[in-house]
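Protein chains: 2
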Amino acid sequence: MVGQSNMAGRGYLNDVQQIYDEKIKVLVNGRWQTMTEPINFDRPTSGIGLAASFAGAWRLKNDQEEIGLIPCADGGTSLDDWAVGGALFESAVLQAKLALKISKLSGILWHQGENDSFGGLSALYHDKLSIIVDAFRSQLDAPDIPFIAGGLGDFLSGGRYGKYFTEYNEVNYALQKFAETKPNCYFVTANGLTANGDGLHFDAVSQRRFGIRYFESLLEKKNILAPLAGEDELIEIIQNRPLTKKEQGTLLEIDFARGKISLGDLEKKLNLLNDQSSN
Amino acid sequence: MVGQSNMAGRGYLNDVQQIYDEKIKVLVNGRWQTMTEPINFDRPTSGIGLAASFAGAWRLKNDQEEIGLIPCADGGTSLDDWAVGGALFESAVLQAKLALKISKLSGILWHQGENDSFGGLSALYHDKLSIIVDAFRSQLDAPDIPFIAGGLGDFLSGGRYGKYFTEYNEVNYALQKFAETKPNCYFVTANGLTANGDGLHFDAVSQRRFGIRYFESLLEKKNILAPLAGEDELIEIIQNRPLTKKEQGTLLEIDFARGKISLGDLEKKLNLLNDQSSN
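Quick note, the sequences are listed as chains A and B, same order. The numbers in UniProt numbering rise by one with no breaks, and the one at position 19 of the first sequence is 19. The numbers in UniProt numbering rise by one with no breaks, and the one at position 119 of the second sequence is 119.
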């Protein structure tokens, strides 16, 4: 997970049902932990991103396997901030290398461009991104690794910062062109996706849809140029996956550890859960 | 910030007033961002830790300077999990090295030991910790860097997992012994500190007090073997530091980005803030 705020995720947590699945992991301090949302806690405003439904869709096709997410996105960052050798690039490579010690790298998810949508920067987008992607692939020894880049939202020009984003169409064009010319790189449209009140960040439901598209792109190794049929049905299936007893128990423990339920309530509920398992 | 859950922080966020100060930073993706709580987001249960009031106390003595925190603590981890060359150790060293590119390293804050308080592990605590501290100092090229280790809570034996923590007194003794024998290592007592309902994690108020003690230990380069006079008064001062207009504006932007206030309300409040500044 690399890019800026819309890869980190700013959808409101309360707007969608959380995705929780013991086989969806996130890298924390070099080790895999079960994913909870928000995944990519780069700022206090971090919320729902596209990676959770992406992973959920992957799980529907890989029933017995685990998937791990490596959160490296950072809000408000430009391509120059992501330049090879800079802190963000170095940090992401280090994280990926820690993961590589225990896992296999399967893809790079990218969403970035709002901060290169003005002042003539869009004209440089394709070439700057190309250098970064080449360096990621080279430093991770993964020359063919799929690179999936999502488009910028059509709402940008009308939002709170709309006057700044004069070149977001050009960035979208550069991303699409990049995917057409660079091997194993794919473009995923943001068509039809909507924003929070800021007109800048994809809302939670849109992030869920975006994740489905990212997964379809990775699965089919192709660009996704229009919304997919059945996105919302798939999201429902992912969000409503029946939890195992162990997962239900863990979620109760989390509620307790957050002070949301008392120790007495926790024990009562855990007992209830155990009683069910003996039936 | 290294150790297990009580260094990461599990105090309930709503139990204390948040500490927000543009001059207190946290390392995110290799770059400094303004700290917000929770600082060390290792688990969904992450909350108030000791580092915020530690940094706040530091700021009272360093009015014009910035302090940065590097969150590397990881819940439920034992000394063996922290062994040199393991994922946690490697990850912490990499984070510190990213920070060293732009900053100076001033101290290592350690809290760990609950997971070495049984099965005879306490007898190995001193020597295992010594190897880890030597390796941190060597790999970070900081042979004299202060290492501050806090004690385990007296509540452990009475809590939900009390029967497991049969050797927490021995771990406390090992930590104190370690501080007495190892150069520039200091011990900070947890005397008088209290826990969440789990009898395992320091509550938010206790974490605030603990942070004050950690800072006093660093400042005076000495062990803190009893609660300090005026801890709560100092916490009040830190938590009630008057916010600058810029900080107030940023907090409003965060509320808006989280969906807590509308765009209209945000703009109204920002205008009000700006009007104040012209008076």
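Please note that the accuracy of each hint is not assured.
Pairs count within a copy or across copies, as identical chains cannot be separated in the list.
As the list claims (entries may be wrong) - With a straight-line Cα cutoff of 30 Å, these simulated DSSO-like cross-link-like pairs (lysine-lysine) come out:
1) K245 with K104
2) K221 with K246
3) K163 with K221
4) K260 with K182
5) K61 with K260
6) K163 with K245
7) K97 with K269
8) K268 with K163
9) K25 with K97
10) K25 with K269
11) K268 with K177
12) K269 with K101
13) K221 with K97
14) K163 with K260
15) K246 with K222
16) K163 with K61
17) K104 with K260
18) K268 with K25
19) K246 with K23
20) K268 with K246
21) K23 with K177
If you're looking for bench data, these hints aren't it; they were derived computationally from the structure.
Quick rundown of the hints versus the structure:
1. Only within a single protomer do K245 and K104 lie at most 30 Å apart by alpha-carbon distance; the minimum there is 29 Å, versus 47 Å between protomers.
2. Taking the shortest Cα distances, K221 and K246 never come within 30 Å of each other, neither inside one copy (35 Å) nor across copies (46 Å).
3. Taking the shortest alpha-carbon separations for K163 and K221, neither the intra-copy value of 35 Å nor the inter-copy value of 54 Å comes in at or below 30 Å.
4. Taking identical chains as interchangeable, the C-alpha atoms of K260 and K182 are never at most 30 Å apart, the minima being 49 Å within one chain and 42 Å between chains.
5. Within a single copy, K61 and K260 get their C-alpha atoms no closer than 34 Å, and across copies no closer than 37 Å, so neither meets the 30 Å cut-off.
6. Taking the shortest Cα distances, K163 and K245 sit within 30 Å of each other only across copies (25 Å), while inside one copy they are farther apart (51 Å).
7. In the homo-oligomer, the alpha carbons of K97 and K269 never lie at most 30 Å apart, since the shortest distance is 40 Å inside one protomer and 45 Å across protomers.
8. In this assembly of identical chains, the alpha carbons of K268 and K163 lie at most 30 Å apart only when taken from different copies (20 Å versus 55 Å within one copy).
9. In this assembly of identical chains, the alpha carbons of K25 and K97 lie at most 30 Å apart whether taken from the same copy (16 Å) or from different copies (26 Å).
10. In this homomeric assembly, K25 and K269 come within 30 Å of each other (Cα to Cα) only inside a single copy, at 25 Å, whereas the closest approach across copies is 40 Å.
11. In this assembly of identical chains, K268 and K177 lie within 30 Å of each other by CA distance neither inside one copy nor across copies; the values are 58 Å within and 42 Å between.
12. Taking CA atoms no more than 30 Å apart as the test, K269 paired with K101 passes in neither setting, with 38 Å inside one copy and 49 Å between copies.
13. Proximity of K221 to K97 under the C-alpha cut-off of 30 Å is restricted to the intra-copy arrangement: shortest distance 24 Å within a copy versus 37 Å between copies.
14. When the C-alpha separation of K163 and K260 is checked against a cutoff of 30 Å, the pair qualifies only between copies, where the shortest distance is 25 Å, while the shortest distance within a copy is 43 Å.
15. Taking the closest pair of Cα atoms, K246 and K222 never come within 30 Å of each other, the shortest separation being 37 Å inside a single copy and 46 Å across copies.
16. In the homo-oligomer, the alpha carbons of K163 and K61 never lie at most 30 Å apart, since the shortest distance is 42 Å inside one protomer and 43 Å across protomers.
17. For a Cα distance limit of 30 Å, the shortest separation of K104 from K260 qualifies neither inside one copy, at 37 Å, nor across copies, at 40 Å.
18. Taking CA atoms no more than 30 Å apart as the test, K268 paired with K25 passes inside one copy only; the shortest distance there is 29 Å, against 42 Å between copies.
19. In this assembly of identical chains, K246 and K23 lie within 30 Å of each other by CA distance solely inside one copy; the values are 12 Å within and 43 Å between copies.
20. Taking CA atoms no more than 30 Å apart as the test, K268 paired with K246 passes inside one copy only; the shortest distance there is 16 Å, against 47 Å between copies.
21. In this assembly of identical chains, the alpha carbons of K23 and K177 never lie at most 30 Å apart, being 35 Å within a copy and 42 Å across copies at closest.
Taken one by one, the earlier hints fail for this structure at numbers 2, 3, 4, 5, 7, 11, 12, 15, 16, 17, 21, listed in ascending order.
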